[in-house]
Each structure stands twice: as structure tokens, then as C-alpha cells.
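Enquirer: One letter stands for each residue in the lines below.
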Amino acid sequence: MIELENVGYSYGGGELLGEISVDLSPGSFHFLTGPSGSGKTTLLRLCYGALQATAGQVRGFGEDLRGLDRDQMALFRRRIGVVHQDCRFLDHLPLSENIALPLTVSGHELAGQQENLRELMGWVGLTKRADALPPELSGGERQRAALARAVIMSPDVVLADEPTGNVDWEMSQRLLQLLIELNRMGKTILIATHDLSLIRAAKSQVQARVLRISNRRLQLAGADL
Amino acid sequence: MSKGTIRALIMADKQADRVVPPSGFTARLTLFVSGAMAFLAVFALALSLASGRLADRWASELARAATLRINAPGDQVAAQTKTALTILRQTPGVAEARALSREEQAALLAPWFGADLPLDALPVPQLIEIRGAEPGYDAQGLRLRLAAEVPGAVLDDHTRWREPLVDAANSLRRLALVSILLIGGATAAMITLAANAALAANAQVIEVLRLVGARDRYIAGAFVRRFTLRALIGAAVGVVLGMAGVMLLPEASDQGGFLTGLGFQEAGWVLPLIIPVLGALVAFAATWAAARRTLRELS
Chain A
1 MIELENVGYS YGGGELLGEI SVDLSPGSFH FLTGPSGSGK TTLLRLCYGA LQATAGQVRG
61 FGEDLRGLDR DQMALFRRRI GVVHQDCRFL DHLPLSENIA LPLTVSGHEL AGQQENLREL
121 MGWVGLTKRA DALPPELSGG ERQRAALARA VIMSPDVVLA DEPTGNVDWE MSQRLLQLLI
181 ELNRMGKTIL IATHDLSLIR AAKSQVQARV LRISNRRLQL AGADL
Chain B
1 MSKGTIRALI MADKQADRVV PPSGFTARLT LFVSGAMAFL AVFALALSLA SGRLADRWAS
61 ELARAATLRI NAPGDQVAAQ TKTALTILRQ TPGVAEARAL SREEQAALLA PWFGADLPLD
121 ALPVPQLIEI RGAEPGYDAQ GLRLRLAAEV PGAVLDDHTR WREPLVDAAN SLRRLALVSI
181 LLIGGATAAM ITLAANAALA ANAQVIEVLR LVGARDRYIA GAFVRRFTLR ALIGAAVGVV
241 LGMAGVMLLP EASDQGGFLT GLGFQEAGWV LPLIIPVLGA LVAFAATWAA ARRTLRELS
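Here the protein sequences line up with chains A and B, keeping their order. Sequential numbering from 1 applies to the first sequence in the UniProt record's numbering. Sequential numbering from 1 applies to the second sequence in the UniProt record's numbering.
Don't take every hint at face value.
[Claimed, not checked] Covered stretches of chain A, as calculated for chain B (at least 3 residues, CB under 8 Å):
id	segment
1	60 to 74
2	90 to 97
[Said to hold, decoys possible] Facing chain A, according to a computed beta carbon distance under 10 Å, are these residues of chain B, among others:
id	residue
3	A16
4	R18
5	V20
6	P22
7	Q204
8	E207
9	R210
10	G213
11	Y218
[Said to hold, decoys possible] Quick list of the computed label-pair ranges, beta carbon to beta carbon:
id	chain 1	residue 1	chain 2	residue 2	range
12	A	Q177	B	E207	25 to 35 Å
13	A	Q177	B	A186	53 to 63 Å
14	B	G185	A	S214	52 to 62 Å
15	A	S36	B	A27	35 to 45 Å
Since the hints were made in silico from the structure, they are not lab data. If you're wondering where the values come from, they're calculated on a predicted model, not measured in any experiment. Backbone N, C-alpha and C fix where the C-beta goes; we use that ideal spot for every residue, glycine too.
With these hints in hand, go ahead and build the complete structure from the sequences.
Expert: Shown next, in the form of C-alpha cells:
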């Protein structure tokens, strides 16, 4: 699905990441952990083409991302669902339209997708908030809405950046369950988090690989997690 | 830009148009600029058409009129006048040739010398008024014949002062056309600025749209349609106001000279209706260029 081969990323003369090699194979579940500022978000952004590797190669569905033009990159992103740490939404649109945004931009008629949209909003428990504007939502609601938006196109891969960063333990467990459900549907999941309790909770339910960024390098985490 | 891209940009897409938040000052700026520029364009167009008509009228009227002056000793004036009239009547392209009476000549000189001018005591040349036909006569050929047969004849076909007048009217027409081009350029510049401001203000929206897989054409289309529509509405209002202003200008009249008749005539009234369409096209091109540049920079 997404492969990083000896990838490095430098900015302003300093190396932020180096010698990163990882293969997000179909149906796999990965956690990416490391201290704040270690480069988790940067690595995720490299995976979905928001940043371009300064060394090595990032391949998405077999294609070198550097070779994609802007249109091809847009098509690539439709196959990937991204949950941002800060859950960016269009504040002037109601929640249902924000969640349906990937459908809208890819030219789907929303009228024919209402049933799917309702079902998806029910899955993340936001049916009653369909008409709310994003600034009116709580942290947990925003995270669930971001997850719903990330999966509405039924992407092959879901990348989540600190999806439980702004929510309480109960809500983080609920979000985790949603991601595990997606993995059971065959989706590839990569979650960047510094929340070790989330990883421990997941490991009892799903076969997850835990990667840790340390000193700008990626390594498999040990049994201490 | 391919046909598919142009179609995608023009075709209304309610869902796509909703993704860009309604922006305040850029909307008002675009409406105002297009309205004001269309208003000015209507007057520039009216001036251009009117000066064109003026140039044509002066050119044709003056081309048809000429004066023959007989400067001869007193005892030869009558004979030379008679010969000149005979020659003129035989010349193809001359519709009418008439010697001015003494009263008519005195009336011509009255503004300078007064009504009591003793014309008989002065060596005033005899004037012959010539009216040309369509097509006109050969002025050079006529001059040569007159030189041979009427030694005191001087033909003045008004070329000396007709050309500067026609040149002035044509320059005025060219200036008006240049003004229309400048108005178009200024509109494009202002709409580019407004579009750039709107795109910069919506950088986060663009980022979210890209994140969920929107193509640049989709994002640009939302901005292009919005600015094109605003420019069209603003220019339509400006044209209506401009045409109302032109209608209030005085009608053409001989008393008013060239300052009257500056409005449109007959089919000319249809021409300003093109201005909103041109304004929309300018806005389309300006916003498309601004969106492409901004989206490339935001990559």
C-alpha cells in the first residue's frame, strides 16, 4: 500500500528524519510512537504526500509519489483517509457536509449518498449533530467527525495523527474501537500517538506493529509497551 | 486550458460553490470595480463611436466642398470667372459651381471689416463655390486645367484644414479605444488583487480541500465562478447606469457643435451590452490565472 524506503526529510539545513524504511502492507495495523517533536506528524505527512522526502523514496500503491503531478496526487489522496490532530474542517459548512466533503470534491452527487452518510454518522455517533457547525462541536465530536470524513470514500489506508489527543479516556477507547473495526474490514491503519495506554489497549484486540521514532530514526518498539 | 477545464470552470456546481466561504470585502470590491469600470467603458465607447461619426462626417462634407478664387486685374475678373465656371461645369465629379454675388462676398467679409465695406473700391477676388458629386472630382487635374486657362484661379479644396480636423477626430476615437483597453486592464488588475486576497484568506480551506482529494481545477473553479458572476453582475449594473447617463446627454444639433450627439445612435445602443460579457471574461481569465498561481505556490 504505502512503502517508505530509506526515506529522509530535512528542513532548513537540519535533518528531521533519516533512514526510514517501513511497509504498510494491506490490512496491517501500525502504531507510530515517540516523544513530542520526534517527527511522527512529519512521517505521516510524508506518507500522504503533503511533504516530499528529501532522501529515499515514498511509494503509494506502487507509484513513486515524487512522480505524481497535482491531479494524480489528488487521486492518490482519495484512496487515503487522513485524520488530522487538529481535525481541520470548513467552519462555514454543517457537519454532515464536512463529512461528505471527500464525496463532494470527487464529483459524487450527495443526493444519492444520503443513506450512506446517515449510516456513517450513526457509526461515529453523530447523527444528532448533522446540522451543527464545526466550531459548535466538542473535541471528541470533532475527532469522530474527522474519522468519519476520513473513511467516507472507503479508502484503502487510514492515517490518523493523534486521533485521541484531545479526548478523554472513554472517548479514546471508542475511537480506537472504530479504527479496529475498520482494520477488520481490511483497511490498513497507521496511528501516530504518544498515548501508550491506547497502544496497550489495542494490542489485546488486534495484531498491531508498533514503530517508534527515536533520534530521527525508526525502530520497532520493544516489549516494554 | 483545455475545453474540459473551461467547461468544468463554467458549469455551475452548487456543491463546489459552497465549499468556498462567502467572503466580504473581496465580493464588494469586485462588484464595485466592475460596476465603475463598466460605467466608464460605456462613456468611452460612446465617445469613440461619436468621434468616429464626427470624423466620417467632416471628411465627407469637406471633401465635397471646395472654393475657387479668381485673383485677376479688375477688367479680367468677369471673363476669367466665366471661363472658370465653364470649365467647372465640364469637369466630371462637380455637381454644382456657382459664383458668389457681391452681397454674399460682402456678408463673408462683414465680421472683419463691417457691413459698410466698399467692395467696389477694393481688389477683392471673386469666389466660386464648388459642390462635389459622388465620387468626387480630380482636384489635381482641375488645377492643371485652370492654370492653363484661368491664370488667376486658385483652387482651395479645404485639404489644408480638413486633414487636421479629421486627424483630431480620429485621434479622439483612438484615445477612446485605448481608454476602453485601459479600463479592461485595470479591471483585470483589480480583480486579480481581489482574487489573490480571497485565495490567501482561504488558504486553510484550500488545504482541507486538497487533503480530501480535491483537484486544483475543482478548487479554482469555485473561485473562478464566484468572481466571474460578481463581475458580470457589477458590470451589468454599471452598463445600465452608464447607458442612462448617455441617454441624458444632449441630442446632436447644429447649434451645439461637436459637443452634442455624443451618445449612441441606432444599432450603437446594442454595443454596450457586450461590456458585461467582456467584464465577465476578463474576471474569468484574471481569477483563473490568480488561482493557478496561488495553488501552485501552495503546493
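Enquirer: Now tell me if each hint is right for this structure.
Expert: Hints, one by one, checked against the model:
no.: 1; hint: 60 to 74; verdict: holds (count 3)
no.: 2; hint: 90 to 97; verdict: holds (count 5)
no.: 3; hint: A16; verdict: holds (7 Å)
no.: 4; hint: R18; verdict: holds (7 Å)
no.: 5; hint: V20; verdict: holds (9 Å)
no.: 6; hint: P22; verdict: holds (7 Å)
no.: 7; hint: Q204; verdict: holds (7 Å)
no.: 8; hint: E207; verdict: holds (7 Å)
no.: 9; hint: R210; verdict: holds (7 Å)
no.: 10; hint: G213; verdict: holds (4 Å)
no.: 11; hint: Y218; verdict: holds (6 Å)
no.: 12; hint: A:Q177 / B:E207: 25 to 35 Å; verdict: holds (29 Å)
no.: 13; hint: A:Q177 / B:A186: 53 to 63 Å; verdict: holds (60 Å)
no.: 14; hint: B:G185 / A:S214: 52 to 62 Å; verdict: holds (59 Å)
no.: 15; hint: A:S36 / B:A27: 35 to 45 Å; verdict: holds (42 Å)
The structure agrees with every numbered hint stated previously.
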